[in-house]
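Using the hints provided, position chain B relative to the given structure of chain A.
The primary structure of each chain is shown beneath.
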Amino acid sequence: MDGFGIRIEGLRKRYGTGDTAVDALKEVNMTVAPGEVVGLIGPSGSGKTTLLKCLGAVIEPTAGRMTLGDEVIYDDGWKISDLKALRRDRIGFVFQAPYLIPFLDVTDNIALLPMLAGRPNGAARARAQELLEALDVAHRARAEPSQLSGGEQQRVAIARALANQPPVILADEPTAPLDSERALAVIRILNRMARQYHTAVIVVTHDEKIIPTFKRIYHIRDGVTHEEAGEGREV
Amino acid sequence: MISLAGRDILHSWGKFVFTGVGLGLLIGATLTMAGVYRGMVDDARVLLDNSGADIWVVQKDTLGPYAEPSSLRDDAYRALLGMPGVARAANVTYLNMQVQRGGGNAGDVRVMVVGFEPGQPGEPAYLVAGRQITRSHYEAVADVRTGFKLGERIRIRRHEYEVVGLTRRMVSSGGDPMVFIPLRDAQEAQFLKDNDAIVNERARTAANPALNRPGVPGLLEAIQASQTTSRSVNAVLVQVRAGQDAEAVAAPIRRWKHLEAYTRAQMEEILVAKLIATSAKQISMFLAILAVVSAAIVAFIIYTMTLGKIREIAVLKLIGTRSRTIAGMILQQALGLGFIGFVVGKISSALWAPFFPKYVLLLPADAVRSFAAVMIICAIASTLAIRAALRVDPATAIGG
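Heads up: the sequence lines are chains A and B, in that order. Note that the first sequence covers residues 166 to 400 in this note's numbering. Note that the second sequence covers residues 6 to 405 in this note's numbering.
Just chain A, with the same shape it has in the complex (with noise of 0.2 Å):
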């Protein structure tokens, strides 16, 4: 993939209106390359969940341009239609707890998303059976989400979000509820996956273990984001 995995210019986001509007997010760049981890950073309030919203498509920025690879998402109140085809094609998700659809197994906890994107179901069990053998849980491959540890079922997730093949994966607190050995684990995995299939990847957390294990992090105060260099540490 050329250029940017994800750019966003100048991106607000305004609640309400007259007295009682409130902006979450007044001034927000950032750019994350195809294969990086970049960490996003900030106190409660700051807009680290509006930021992850609208970058998630599921609520739109009032102002501001985003481009995913080489498509344009965003720019000042256009945007693209289809924004559901658009999370399923282009955008992973990791979330703070794996939310596995609990009656799917493993595999089609995987497979569910190609198929939801029209391919057939060989080619998306193939596909989740690649990622099960890169995240090493191939052989959890039948088992259902709540026979598998933490760590399995937040392999899976992250597993299910690179189904599609996204340009981006947004991961929201991914090691949150983790030790330190397993949240590193977790941050290794991530920084493999973004290498191997160059997917830019934004890690949005608090904890502090894996922080400095970014090159690149983006603090936001305010609705406003600063970029500074992260340690880099080797996990």
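Just so you know, these hints were derived from the structure itself, not from any lab. It should be emphasised that the depicted structure is a prediction, and the values quoted were computed from it without experimental measurement. Certain hints may be false.
To be clear about the criterion: a stretch of chain B counts as covered by chain A if any three or more of its residues have a C-beta under 8 Å from a C-beta of chain A, and this derived list gives those stretches [what the hints assert, rightly or not]: (1) 91-100; (2) 314-320; (3) 323-336.
Heads up, the beta-carbon is just placed ideally off N, CA and C, and yes, glycines get one too.
What follows is chain B alone, placed relative to chain A:
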């Protein structure tokens, strides 16, 4: 594409099956109610079929003999035999009463006692055990639903009868099983008073100077004799000659004999549209209530199940699942629940129907209609849950 509904049902099959069984018992009750109505209609038709009559001749301006009391002189049939197109005519009596078993020590049974002339219209059409009545008095043929056995002795009014034959599907319009006895015995049972009443009536007649005239010898005895015999029947059953139109035969009877004559179609109209109309409305009300209750239960269950999956639905929406896929999942689950319920309901109604005191007729066409109704009710009931699911904000899957 994976069937999300099917996987969810398989994943929590116990909950689905038990819920389906509960719903199925309700559907079974609904099917049985419909079967009770069908049974009443069928009983009425069988009653008419087994009487062997083409025309029922009854007292003028009555809907007798099944829907209203009717009384005719028992020689009316002779006049009817002379009418054009009449092949056979025979007297019958009908009387609902309690019949005592085994001389009165073994309890009693509610029956309809039918008086008929052996070999004539009104005779039980077929027997499942024993023989037809061959003696003039004190023999009976009973429907198997009475519970009487061959050779058992039953008491009707003042006399004991031996059950010599058993028949089936011979019940009154009210569902009471029939007991057939000779016409003379039935007339006596129906119209003859007990001994004390006869003595009392004779004394009253003797005390009446208009009836006890010294100058008219034999008058008092003749009147008293007439008071102790019964010359009335409830109806005359008429069979028309082959090729004759029943209505064409009935019309002159109405006109010239001052009697009411009903053809088969008219009698069926009386039984089905008039006699059991109130029961049918009652059952219809029950059916409507059961349908509403079933819909409410399905709606509640599916709604509760959907609320239990709000987080999963939010994730599905966030990852781009179309609304119609989510709606389809909920709809299929509702239909699946309805299908399980219908199968359980059909089986359970077939199992318990024979134990009902009245005939329960479960028609395949009713089952098909019920299945369609269950599916429609489930589809409608799922709309509440679908509405709730489609309102789920995919943003709820993202923390914060």
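Mind listing which of the numbered hints don't hold for this structure, in increasing order?
-> 1
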